[in-house]
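Make the complex out of the two chains shown on their own, each in a separate frame, by following the hints.
Here the protein sequences line up with chains W and D, keeping their order. Under the numbering used here, the first sequence has 50 at position 50, and the numbering climbs by one with no breaks. Under the numbering used here, the second sequence has 53 at position 53, and the numbering climbs by one with no breaks.
One or more hints might be untrue.
Unchecked claim - Okay, derived cross-link-like pairs now, DSSO-like style, lysine-lysine, Cα gap no bigger than 27 Å in a straight line:
# : chain 1 : residue 1 : chain 2 : residue 2
1 : D       : K60       : W       : K173
2 : W       : K173      : D       : K88
3 : D       : K88       : D       : K101
4 : D       : K2        : D       : K60
5 : D       : K56       : W       : K173
As the list claims (entries may be wrong) - Which stretches of chain D does chain W cover? Using the computed rule of at least three CB atoms under 8 Å from a CB of chain W, they are:
# : segment
6 : 5-16
7 : 62-69
Since the hints were derived computationally from the structure, they do not count as laboratory data. Since this is a predicted model, take the numbers as computed values, not measurements. C-beta atoms are modelled at their ideal positions from N, C-alpha and C, and glycine is treated no differently.
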Amino acid sequence: MMQELSLNVLDVAENSIRAGATQVGIEVCEDTAQDILSIRIEDNGCGMTAEQVARVTDPFYTTRTTRKVGLGVPFFKMAAEMAEGTFDIASEPGAGTTVSATFRHSHVDRMPLGDIASTMALLICANEPVNIRYRHVVDGREFEAETRQFCEILEGVPLSSPEIQLFIGEYLKENIGALYAPEA
Amino acid sequence: MKSLAELQALRDKAKAQMGMREDAPDNIRILVGMATCGIAAGARPVLNAFVEEVAKRGLKNVTVSQTGCIGICQFEPVAEVYVPGQEKTTYVKLNSEKAAKIVVDHIVNGNVVTEYTIGAANK
Numbered sequence: 001m002m003q004e005l006s007l008n009v010l011d012v013a014e015n016s017i018r019a020g021a022t023q024v025g026i027e028v029c030e031d032t033a034q035d036i037l038s039i040r041i042e043d044n045g046c047g048m049t050a051e052q053v054a055r056v057t058d059p060f061y062t063t064r065t066t067r068k069v070g071l072g073v074p075f076f077k078m079a080a081e082m083a084e085g086t087f088d089i090a091s092e093p094g095a096g097t098t099v100s101a102t103f104r105h106s107h108v109d110r111m112p113l114g115d116i117a118s119t120m121a122l123l124i125c126a127n128e129p130v131n132i133r134y135r136h137v138v139d140g141r142e143f144e145a146e147t148r149q150f151c152e153i154l155e156g157v158p159l160s161s162p163e164i165q166l167f168i169g170e171y172l173k174e175n176i177g178a179l180y181a182p183e184a
Numbered sequence: 001m002k003s004l005a006e007l008q009a010l011r012d013k014a015k016a017q018m019g020m021r022e023d024a025p026d027n028i029r030i031l032v033g034m035a036t037c038g039i040a041a042g043a044r045p046v047l048n049a050f051v052e053e054v055a056k057r058g059l060k061n062v063t064v065s066q067t068g069c070i071g072i073c074q075f076e077p078v079a080e081v082y083v084p085g086q087e088k089t090t091y092v093k094l095n096s097e098k099a100a101k102i103v104v105d106h107i108v109n110g111n112v113v114t115e116y117t118i119g120a121a122n123k
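So here's chain D without its partners, still in its complex pose (with noise of 0.2 Å):
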């Protein structure tokens, strides 16, 4: 079983490279919708493939939170991504195998998942 003493060990391999995330100018950040709209459609199974995938890949600059409801009750789970010196992306309709992939597609390839976008849904 886990132990506390395991979270030491994880701190101290984090702590040789602090000051690399929030604050860097090239932090990526994604934000999922955690309201009760988000809740209720799955945004938490939604935020924690974020989370594996960013922590998997050992990506640095990355950072996962979660939001309000910013409106869009309907398209929930919804998740923003925002790359410094780029416009904001709104995926819509989420589940685990689309966070996946929009990290790796996204995240780390740099090409937005076009299908997954609201611009999409709304076709």
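With the rest of the complex left out, here is chain W (with noise of 0.2 Å):
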């Protein structure tokens, strides 16, 4: 299984890329008065029917052709249910899908959300031009990033330059480190 949370969001994040999304939208929502994290992954892409998206937390559901097992969602879904949250799929071929999960905050099995800044600079930077937006809210505080405004600022440079990949990583880094730091 995964060590973070944010290896399961560039898991999920990485099924809609393949179901041919444009937009792909990601939220991170950490509420310790609540004491609840969710996560929402949420994408245009060519959607499941209801057959679908009733098997594809069985592990041994796949679509893929290299390899007998599916284990993403299904490892997403026990990291949610582990520390005593939700799972849910919604998805419509032609429309799209929407992966939620969420999980008590402060629960001794919740998995850290890890180095999300990674997880995010990865998915911008490699799949140009998809569209991929990313909220973090912590307690109130919120930072927001998306493709097309590194694209507006880059003129034509492609993400993927390494140059480029790792100044959007340190950026992401540095804003959403920023969420957690204490009041000034």
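If you want it as structure tokens, here you go:
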């Protein structure tokens, strides 16, 4: 299984990319007063039929041909359920898919969010021109970033250039880290 | 804290060197497997290490990108290196240190790191 929730986010978002999405939205909300961490990944990809949605949490179901198991979604669901959370997939063929998970923030078995900045940098830099939006809220403080915003600045320089990838990783790390800094 | 103004400066620097990557015939490609199996085994820091080492050394003819599951999950994290005119090299069971060494030895100096290849792992 994954060691960090941010790895689950990376894995599930890769499904959105493979589903041909042009827009992927990722939202992480942490509310310590309510003791909830919620993660939502939504896309406008090809979507799934009701039958596929029912089977996607089965580890022995996959549409891949390279191997016989599909553990990504089951891992994410397990992570939520381990932490007294909820897990839901809403999907419609042609319209897209939304995967939502909640966790009890303080639960002893809640995996750490981990290096979400690396996950987002990788998703944003490796999937141009897919527009990936990220929103992270920690007790009312908020940070947002999206592919489009970087592309406008870059004026055609590819997001995949190593030095650009490195910068975006650091930019996200610092700005997301600031959400957790004590009040000045 | 890093600001988007710094990204503009990087862009201008990169623009001066544009056209030398991707479409160039001597472009070397590093592909890291980034499916569930790869991610769970630690492919994300491996890809980051490749990017960091390539950026740090200012290598202009190298692209680092991701691929899906190529069916050898037990060997993850896996990376494939494509050097034009040469056979593909498949590196297995990688970590950040191995990735950095592959950039130095294989990409910069042209020596395949045999001990990290799938051929060595199968023995």
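Hints the structure violates: just list their numbers, smallest first.
2
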